[in-house]
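Work the whole structure out from these sequences, hints included.
Number of protein chains: 2
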Amino acid sequence: MSEQQKNDFTEWYLKTIQQAELMAYSPVRGSIIFRPDGFELWEHIQEEFNKFLKTQDIRNAYFPMLIPKSFFMKEADHIEGFAPELPWVTEVGDEKLDEPLALRPTSETMIGSAFSDWINSYRDLPYEINQWANVFRWEKKTLPFLRTSEFLWQEGHTAHANESDARERTMGILDEYARLAEEFLAIPVYKGQKTPSERFAGAVDTYSIEAMMQDGKAVQAGTSHYLGTKFAEAFDITYLTKENKHTHVHTTSWGMSTRLLGSLIMTHGDEKGLVFPPTVAPTQIVLMPVGPWKKNPAIMEKLDELFAKFKKAGYRVRLDDTDNSPGYKFNEWELKGACLRIECGPRDLENGHVMVKVRDLDEKNTVTFAELEDYVAEQLQIMPKRLLEKARARNKANEHYDINTLAELKAHIEKSNAEGTVPGFVLVGWDGSEETEAKIKEETGFTTRNIPFEVPMEKEFDLVSGKPAKYTLWIARAY
Amino acid sequence: MSEQQKNDFTEWYLKTIQQAELMAYSPVRGSIIFRPDGFELWEHIQEEFNKFLKTQDIRNAYFPMLIPKSFFMKEADHIEGFAPELPWVTEVGDEKLDEPLALRPTSETMIGSAFSDWINSYRDLPYEINQWANVFRWEKKTLPFLRTSEFLWQEGHTAHANESDARERTMGILDEYARLAEEFLAIPVYKGQKTPSERFAGAVDTYSIEAMMQDGKAVQAGTSHYLGTKFAEAFDITYLTKENKHTHVHTTSWGMSTRLLGSLIMTHGDEKGLVFPPTVAPTQIVLMPVGPWKKNPAIMEKLDELFAKFKKAGYRVRLDDTDNSPGYKFNEWELKGACLRIECGPRDLENGHVMVKVRDLDEKNTVTFAELEDYVAEQLQIMPKRLLEKARARNKANEHYDINTLAELKAHIEKSNAEGTVPGFVLVGWDGSEETEAKIKEETGFTTRNIPFEVPMEKEFDLVSGKPAKYTLWIARAY
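For the record, the sequence lines run as chains A and B.
Take the first sequence: its letter number 312 is residue 312 in the numbering used here, and every next letter is one higher.
Take the second sequence: its letter number 308 is residue 308 in the numbering used here, and every next letter is one higher.
Check the hints yourself; a few may be wrong.
The list treats identical chains as one, so a pair stands whether inside a single copy or across any two.
[Said to hold, decoys possible] Each computed SDA-like pair below joins lysine to any residue, with the alpha-carbon atoms no more than 25 Å apart: (1) Lys309 - Phe52; (2) Lys329 - Leu125; (3) Lys329 - Ser121; (4) Lys15 - Phe82; (5) Lys69 - Pro105; (6) Lys470 - Ala407; (7) Lys312 - Glu460; (8) Lys357 - Val290; (9) Lys51 - Phe184; (10) Lys54 - Leu152; (11) Lys441 - Gly345; (12) Lys51 - Asn134.
If you are wondering where the hints come from, they were derived from the structure by calculation, not from laboratory data.
See below:
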């Protein structure tokens, strides 16, 4: 982290995403405008996940956004969990509606109702659908991308003949979320199971991928739920087995959202601004003339030629031929997270080369025109892995395994504050009680992230009660 | 049109789209569920239009769905036009909101407010943005795809330095809408200008493409608006000219929506069900074994091989190896609008060929394995043009030029009803008065579609008043 980020990470974040024109505030509380560079990040994530869905024969559909109140009432845990955050449409034009309609916070109820019409026999199973949609959760504290009243997401909903098929889908999706986060977005994640208090409202089990931001705080970056037969019972989703028996299906649901954009920015950004892997970067290559280029038309000719070549090869490339000074341009494109900057001035042209700066490396390299295409391809190929490794190393340094009591946790936090380090993720023992989770939260602001599938080290005792630990889990402050 | 379509076109439409699983009704009045095949049609339209946007450097963004009431009040015509159809969020959780929030029917106000922040200098112009979004208009009479309370669309919003640039964009988009309708969807359209009474609420000029359905009724399939400086004045969108003068921008907006899906179905469908051009068809090729294929495993081996080959070549292909009878399968895939059906039975395999049925042609053809790939490519290539020509010929037959008085129009309609033909599009003279439009609508249900850019024949007198005609325009019944 840079000094600026250390001093006030949130301030750095808010300043950067606005200056870089990823977003703008909207007149509606907690809602944001996704400006083109911000929205494009999401479009690339959509493309990538749609590719995966195709391999799984899971098709996209679109369900109505407004959900009748009566639908919500059918699954008790579900309405209890979402009620406080639901915006309600109560009027149309001048007329009051007979039944209020909620703006969907998620679509289990709407899709459950449809599944009950569409699923009849074991031959219809698995029944698997995905939807890209806007959803609404009126949260008290909001932060652009990470917690907004309206956000964009995908929500997958599947129905299966039995628990094992449903659980397999639940875990398969979590694996894909982790792959997408790590390979595509270069965000290392922690896979695991949520504790009961952090479960999705209405789920039997919730699994998550958690990402660690540069300030050590967590972002829940994707969740996959095994819903058992709860929604099947609430919405009467049954099928006829081979033995001609009416049986409830087992359902799953899973979602990842524009929160990922926040994670992306907070994982890779630096004091100069945004850093994106080329997989999602709106600008992969920016070309610019330097030196007295206006007197030397051959420079722009060369850059136009390179621009056309890169464009044709499918790169997201821009040519900055504005009158701004080189320094201004450097800053602007670093702020916006362009992966590669290619400069060409009179002397470069004479010598048959360009200068190339890779966004996340310090040095500038001289690259001949002959080598340029290969160099660009190679650099863009390497960059996601390098960013992932860098983030992984930082995560490792911010993981803490030697904290065994609440007092030690408090001391750790105080020490971090005093030293200007980040408290990070802390691995602790847990006796399985809600009291422990509540106490930790109350006294430190840390919350349970998840129970990792691969526990790096078994903890013997509960952090708070000192009783034998039933689970070992990650706790952290979270966005 | 088939007998079934002639008898009750709407009944045929509603039955077909449900049986073919394009859509399902939702529990919310006038909203529908886009099932995978229905949604996929929209996805292909999105891909096609996104390609165009890229060539124009118009980027996608996403703006909040909820619009404060005060925003609507700023442009008088706009609120007047939309007020009766607006759903309002008035509560969140248990709390009443200070200001009601409308579910967007369109986003001129939200985007106008943002433009006023983002546009400062002539260097920022043109400022051009597109958004894919769900929008809400609580219409009294609804019909799946064609008129629903919630629908999906794209809305483009652009700001320009002057009227001529803005008008150029307005018309360029209309041209692209027409190209997309005709070349991509095989729907012939009538380009022209809307009359003042049919203008978008807040526009200076509205232009449309109108499509004629098989029952002779019109669908407004896309509109492009020149908004002048109306929204710029309401939202204070100004820029500094080269001469350092604060000046209002000229804005445009333009949209096409999931109504296009309705047009697609009503233009090409027949008594067997859906007919789609391969450009958008969810299934371009369906392979199926026929005859005693279960005893002859070589058949499925061959079909698996063909399936893999077509899939690899990028076709949307399915293999129907269910136990259903060939007749059942034929019906099902014709209903769903698969473009090509390829059958292979024992004798076919022996003779080294398959039978191929093209959805919109009557005969089945024998095609050798060696020729199959070329044959498929060629057939899919030809199909959109053939569908377009067929629709064009039908349109021509349903255009009427010789109706010069209201009495003649009424007689024409009566004759059509008596003969079971469709009244179609009628070209009439218009003196420019709202009275004429109102009278035509009241007495015949016909509405003005648009004033065509290329008038096929100038009309001398107004249909109702008999006064000299200032314009020649198309009238028709419309969805």
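So, going through the hints one by one against the coordinates:
1. Taking the shortest alpha-carbon separations for Lys309 and Phe52, only the inter-copy value of 20 Å comes in at or below 25 Å, while the best intra-copy value is 30 Å.
2. Taking CA atoms no more than 25 Å apart as the test, Lys329 paired with Leu125 passes between copies only; the shortest distance there is 20 Å, against 56 Å inside one copy.
3. For a Cα distance limit of 25 Å, the shortest separation of Lys329 from Ser121 across copies, 19 Å, qualifies, whereas the shortest one inside one copy, 62 Å, does not.
4. Proximity of Lys15 and Phe82 under a CA criterion of 25 Å is satisfied in neither setting, with 31 Å inside one chain copy and 37 Å between copies.
5. Taking the shortest Cα distances, Lys69 and Pro105 sit within 25 Å of each other both inside one copy (12 Å) and across copies (23 Å).
6. Proximity of Lys470 to Ala407 under the C-alpha cut-off of 25 Å is restricted to the intra-copy arrangement: shortest distance 20 Å within a copy versus 88 Å between copies.
7. For the homomeric pair Lys312 and Glu460, neither the shortest alpha-carbon distance inside one copy (59 Å) nor that between copies (54 Å) is at most 25 Å.
8. Proximity of Lys357 to Val290 under the C-alpha cut-off of 25 Å is restricted to the intra-copy arrangement: shortest distance 14 Å within a copy versus 62 Å between copies.
9. In this homomeric assembly, Lys51 and Phe184 come within 25 Å of each other (Cα to Cα) both inside a single copy, at 12 Å, and across copies, at 23 Å.
10. Taking CA atoms no more than 25 Å apart as the test, Lys54 paired with Leu152 passes in both settings, with 20 Å inside one copy and 22 Å between copies.
11. For a Cα distance limit of 25 Å, the shortest separation of Lys441 from Gly345 qualifies neither inside one copy, at 57 Å, nor across copies, at 68 Å.
12. In this homomeric assembly, Lys51 and Asn134 come within 25 Å of each other (Cα to Cα) both inside a single copy, at 21 Å, and across copies, at 23 Å.
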